[in-house]
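Chain A is fixed; fit chain B onto it per the hints.
Number of protein chains: 2
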Amino acid sequence: MSRRNGEPKYIMLINEVRAWITSEKLRPGQQLPTENDIASQFGISRQTVRQGINELVHEGILYRIQGKGTFVQSTSRERTPATNVIAVVTTYISDYIFPSIIRGIESVLSPNGYSILLLSTHNDFNEERRDLMTVMEKQVDGLIIEPTRSAIPNPNLAHYFTLIDRNIPIVMLHTTYPQLPIRCLRMNDVESSKLVTQHLVDNGHVRIGGIFKNDDRQGVFRLKGFVETLMNHRLQIEPTFIHVYKTEEKSSVAHQYFNKFKSSSPDARPTAIVCYNDEIASELVHLFQTNGILVPDSVSVVGFDNMQPFTRQINNKGWITTIEHPKFEMGTKAAELLLEAIQESRKGASGRYGEDFVFPSILVPGSSTDSIRESGSTSHKDSSSQPVTAVETP
Amino acid sequence: MSRRNGEPKYIMLINEVRAWITSEKLRPGQQLPTENDIASQFGISRQTVRQGINELVHEGILYRIQGKGTFVQSTSRERTPATNVIAVVTTYISDYIFPSIIRGIESVLSPNGYSILLLSTHNDFNEERRDLMTVMEKQVDGLIIEPTRSAIPNPNLAHYFTLIDRNIPIVMLHTTYPQLPIRCLRMNDVESSKLVTQHLVDNGHVRIGGIFKNDDRQGVFRLKGFVETLMNHRLQIEPTFIHVYKTEEKSSVAHQYFNKFKSSSPDARPTAIVCYNDEIASELVHLFQTNGILVPDSVSVVGFDNMQPFTRQINNKGWITTIEHPKFEMGTKAAELLLEAIQESRKGASGRYGEDFVFPSILVPGSSTDSIRESGSTSHKDSSSQPVTAVETP
Numbered sequence: 001m002s003r004r005n006g007e008p009k010y011i012m013l014i015n016e017v018r019a020w021i022t023s024e025k026l027r028p029g030q031q032l033p034t035e036n037d038i039a040s041q042f043g044i045s046r047q048t049v050r051q052g053i054n055e056l057v058h059e060g061i062l063y064r065i066q067g068k069g070t071f072v073q074s075t076s077r078e079r080t081p082a083t084n085v086i087a088v089v090t091t092y093i094s095d096y097i098f099p100s101i102i103r104g105i106e107s108v109l110s111p112n113g114y115s116i117l118l119l120s121t122h123n124d125f126n127e128e129r130r131d132l133m134t135v136m137e138k139q140v141d142g143l144i145i146e147p148t149r150s151a152i153p154n155p156n157l158a159h160y161f162t163l164i165d166r167n168i169p170i171v172m173l174h175t176t177y178p179q180l181p182i183r184c185l186r187m188n189d190v191e192s193s194k195l196v197t198q199h200l201v202d203n204g205h206v207r208i209g210g211i212f213k214n215d216d217r218q219g220v221f222r223l224k225g226f227v228e229t230l231m232n233h234r235l236q237i238e239p240t241f242i243h244v245y246k247t248e249e250k251s252s253v254a255h256q257y258f259n260k261f262k263s264s265s266p267d268a269r270p271t272a273i274v275c276y277n278d279e280i281a282s283e284l285v286h287l288f289q290t291n292g293i294l295v296p297d298s299v300s301v302v303g304f305d306n307m308q309p310f311t312r313q314i315n316n317k318g319w320i321t322t323i324e325h326p327k328f329e330m331g332t333k334a335a336e337l338l339l340e341a342i343q344e345s346r347k348g349a350s351g352r353y354g355e356d357f358v359f360p361s362i363l364v365p366g367s368s369t370d371s372i373r374e375s376g377s378t379s380h381k382d383s384s385s386q387p388v389t390a391v392e393t394p
Numbered sequence: 001m002s003r004r005n006g007e008p009k010y011i012m013l014i015n016e017v018r019a020w021i022t023s024e025k026l027r028p029g030q031q032l033p034t035e036n037d038i039a040s041q042f043g044i045s046r047q048t049v050r051q052g053i054n055e056l057v058h059e060g061i062l063y064r065i066q067g068k069g070t071f072v073q074s075t076s077r078e079r080t081p082a083t084n085v086i087a088v089v090t091t092y093i094s095d096y097i098f099p100s101i102i103r104g105i106e107s108v109l110s111p112n113g114y115s116i117l118l119l120s121t122h123n124d125f126n127e128e129r130r131d132l133m134t135v136m137e138k139q140v141d142g143l144i145i146e147p148t149r150s151a152i153p154n155p156n157l158a159h160y161f162t163l164i165d166r167n168i169p170i171v172m173l174h175t176t177y178p179q180l181p182i183r184c185l186r187m188n189d190v191e192s193s194k195l196v197t198q199h200l201v202d203n204g205h206v207r208i209g210g211i212f213k214n215d216d217r218q219g220v221f222r223l224k225g226f227v228e229t230l231m232n233h234r235l236q237i238e239p240t241f242i243h244v245y246k247t248e249e250k251s252s253v254a255h256q257y258f259n260k261f262k263s264s265s266p267d268a269r270p271t272a273i274v275c276y277n278d279e280i281a282s283e284l285v286h287l288f289q290t291n292g293i294l295v296p297d298s299v300s301v302v303g304f305d306n307m308q309p310f311t312r313q314i315n316n317k318g319w320i321t322t323i324e325h326p327k328f329e330m331g332t333k334a335a336e337l338l339l340e341a342i343q344e345s346r347k348g349a350s351g352r353y354g355e356d357f358v359f360p361s362i363l364v365p366g367s368s369t370d371s372i373r374e375s376g377s378t379s380h381k382d383s384s385s386q387p388v389t390a391v392e393t394p
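First to last, the protein sequences are chains A and B.
Just so we're aligned, residue 1 is where the first sequence starts under this note's numbering, counting upward by one.
Just so we're aligned, residue 1 is where the second sequence starts under this note's numbering, counting upward by one.
Bound conformation, chain A alone (with noise of 0.2 angstroms):
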């Protein structure tokens, strides 16, 4: 073993390996001697031979089989045969922001020769079980999938291990289970938070409430964004006013907040609300505008993902004043992240996950928020109300 000077044993173990394999001494499937043959044979420790060893493992050089020993890796690793199938388990399908982000995904898995099984989990554990043991069955070739109520301790997370295990590719939509080093795409939601929060406070409101579900990290985060915002601002934070809800309410829970102050003195109630999605906030834009207490003149009314045309016009003239949502490039972008990982695991690379893709926090200022009058409800809308920050949708 040639030794250059003040180079570490184990680099020079390193090279020496590399060596043995380019000049094929040692071939693809091979099996390297023992740890303690190679100490013996180099007059080194077998820490610096397991080190040197680890490396290589790590590059994807040599790997391991459990109880057998190290062994050369092939250029493409031997792996169950390309079935040319990726999973895409979304929490919906047909609703919402989903068939865009869907649509994303198609238009770049489909020009590559992949077909998709499309899987949703309606965020239920049950679901997202069954639908993990189809990805397993179906052996595909990756997996997007979005994560269900990340909020509380996942009972699924062995089907993960095994997917893990099994090198399937993985990435996340929208956040990722935080005991899983998994990729994800996503927004920052704190950020978001408080720049639709701060909007509000930049047209004078101080009554603020909130409507935030509490079992997925998107509201979890949203919710801190709002709180955050107000204590800088050192705004009242009214805990009737912020209401937290899961999954299960997701249908009432406009109504709840609505019930709360529908029979309150103007006086007594937010003049202003952040709500946790688009959906929610046209429910609740809905029932102020039939029961008399008008949008944005009395309560202005925020949400997040842009779901303009769909969600209720404001007044005839325009939407609810929102955080854009990247929707069918989410899809794309997914997609691609995805495609390179299965391409780096057919080249042996090493399973280290990459950092989170998070799209910029957009502002999209809409119809259903004004700034307040001294008296406590809320002006006409001029211009001027709308800050720099935020970027008009083309």
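Be a bit skeptical, because a hint or two may be false.
To be verified - Simulated restraints, written as ranges between beta carbons of each label pair:
1. A:Pro8 to B:Asp297: 29 to 35 angstroms
2. A:Asp95 to B:Glu16: 48 to 54 angstroms
3. A:Ser251 to B:Val85: 43 to 49 angstroms
4. B:Lys250 to A:Glu16: 36 to 42 angstroms
5. B:Ala268 to A:Asp356: 33 to 39 angstroms
6. B:Gly354 to A:Val358: 20 to 26 angstroms
7. B:Asp356 to A:Val85: 38 to 44 angstroms
8. A:Asp356 to B:Ser115: 43 to 49 angstroms
9. A:Phe357 to B:Asp356: 20 to 26 angstroms
10. A:Pro360 to B:Asn112: 41 to 47 angstroms
11. B:Thr240 to A:Phe357: 31 to 37 angstroms
12. B:His122 to A:Pro33: 53 to 59 angstroms
Stated by the list, open to error - Here are a few chain A residues that sit away from chain B, every Cβ distance over 12 angstroms (derived from the structure):
13. Ser120
14. Glu137
15. Phe359
Unchecked claim - Only pairs whose alpha carbons sit at most 25 angstroms apart, straight line, appear in this in silico PhoX-like list of lysine-lysine:
16. B:Lys250 to B:Lys327
17. B:Lys25 to B:Lys9
18. B:Lys260 to B:Lys250
19. B:Lys246 to A:Lys246
20. B:Lys68 to B:Lys347
21. B:Lys262 to A:Lys68
22. A:Lys260 to A:Lys250
23. B:Lys68 to A:Lys262
24. A:Lys347 to A:Lys138
It is worth saying that the hints were derived from the structure and are not from the lab.
Note that CB positions come from ideal geometry on N, CA and C, so glycine has one too.
Same frame as chain A, but now just chain B:
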């Protein structure tokens, strides 16, 4: 209003208001003119007036009273008189790391004239709620609190909102609720777990298992660091080797894990196990030893929190390999940060909260780990098995 060239109008307004206060034209507690009056007086838009006032509120120079208007802050904002009582709420009081943490807190607060109201939650939401109500009743000057089951949605958020709204300084121990912008003092649990798992990999282990708590964020992040390390080294991630548990299972989890493997052949069980903490690790070592499975000869075990000498000795000669926990120092630092926050709050500073205070991750090698023999069992310890990143405790 004097305007320097190019200076934004709201900055000029800010300087003008500062001048009013310095010249005592406006005294502490006095009300500002309405936004409309200021706008017409200076010929600027109400939006600009609001921007300037927001900034001064943010700086703690002005404050708003809902429905009344904007006022000049007194140098020390009027607040409930100091009680010189600090509440300290931990999950446990007399066990494990908690006596040391509480001694650390006491060592700083006592000399500063504070007495301590000591409460515990036993990681139970009902007890946490009762404690928070006591904290509000006693009108404490500040709160040091360890979150309860931080990995599941907290039902007591409204009480935290009330405390934040009352401007009661809070610092958290070990982790924070992800919904709440509250400063915390913590370990880097992902990094610590990577360090302790890497120690096992460096010792040649390839079949590594783990026991992790799933209802607090420390356990969630330790699981993540563990899985990430196995992925990086392309080691087996065997679902049956990884066990998650919740608080109620605390006293039985080591037994459960041991029972899974007590009848397995050595080839079918992990050769090393990462435990959520030294308490679990100590129990597991005891179960192995008393059933003829030698630690570290047949199985290596690691923990977190460095509870020597309170955990079981290994073969009467050393302790469990673990990650350092600052204990007393965490207590003193928490008390210092809280006292700073109380000072800031008395000066009427803004509600911004500081960055998390993160203690360094330090591996403490012990006698419960050893490097593995080719056969799959472990060899006798040799000093070269200690990685350079490890730091011996004094």
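Hints, verified against the model:
no.: 1; hint: A:Pro8 to B:Asp297: 29 to 35 angstroms; result: 30 angstroms, holds
no.: 2; hint: A:Asp95 to B:Glu16: 48 to 54 angstroms; result: 53 angstroms, holds
no.: 3; hint: A:Ser251 to B:Val85: 43 to 49 angstroms; result: 46 angstroms, holds
no.: 4; hint: B:Lys250 to A:Glu16: 36 to 42 angstroms; result: 50 angstroms, violated
no.: 5; hint: B:Ala268 to A:Asp356: 33 to 39 angstroms; result: 37 angstroms, holds
no.: 6; hint: B:Gly354 to A:Val358: 20 to 26 angstroms; result: 24 angstroms, holds
no.: 7; hint: B:Asp356 to A:Val85: 38 to 44 angstroms; result: 43 angstroms, holds
no.: 8; hint: A:Asp356 to B:Ser115: 43 to 49 angstroms; result: 45 angstroms, holds
no.: 9; hint: A:Phe357 to B:Asp356: 20 to 26 angstroms; result: 24 angstroms, holds
no.: 10; hint: A:Pro360 to B:Asn112: 41 to 47 angstroms; result: 45 angstroms, holds
no.: 11; hint: B:Thr240 to A:Phe357: 31 to 37 angstroms; result: 33 angstroms, holds
no.: 12; hint: B:His122 to A:Pro33: 53 to 59 angstroms; result: 55 angstroms, holds
no.: 13; hint: Ser120; result: 23 angstroms, holds
no.: 14; hint: Glu137; result: 16 angstroms, holds
no.: 15; hint: Phe359; result: 20 angstroms, holds
no.: 16; hint: B:Lys250 to B:Lys327; result: 21 angstroms, holds
no.: 17; hint: B:Lys25 to B:Lys9; result: 21 angstroms, holds
no.: 18; hint: B:Lys260 to B:Lys250; result: 16 angstroms, holds
no.: 19; hint: B:Lys246 to A:Lys246; result: 21 angstroms, holds
no.: 20; hint: B:Lys68 to B:Lys347; result: 23 angstroms, holds
no.: 21; hint: B:Lys262 to A:Lys68; result: 23 angstroms, holds
no.: 22; hint: A:Lys260 to A:Lys250; result: 16 angstroms, holds
no.: 23; hint: B:Lys68 to A:Lys262; result: 24 angstroms, holds
no.: 24; hint: A:Lys347 to A:Lys138; result: 22 angstroms, holds
Violated hint: 4 only; the structure is consistent with all others.
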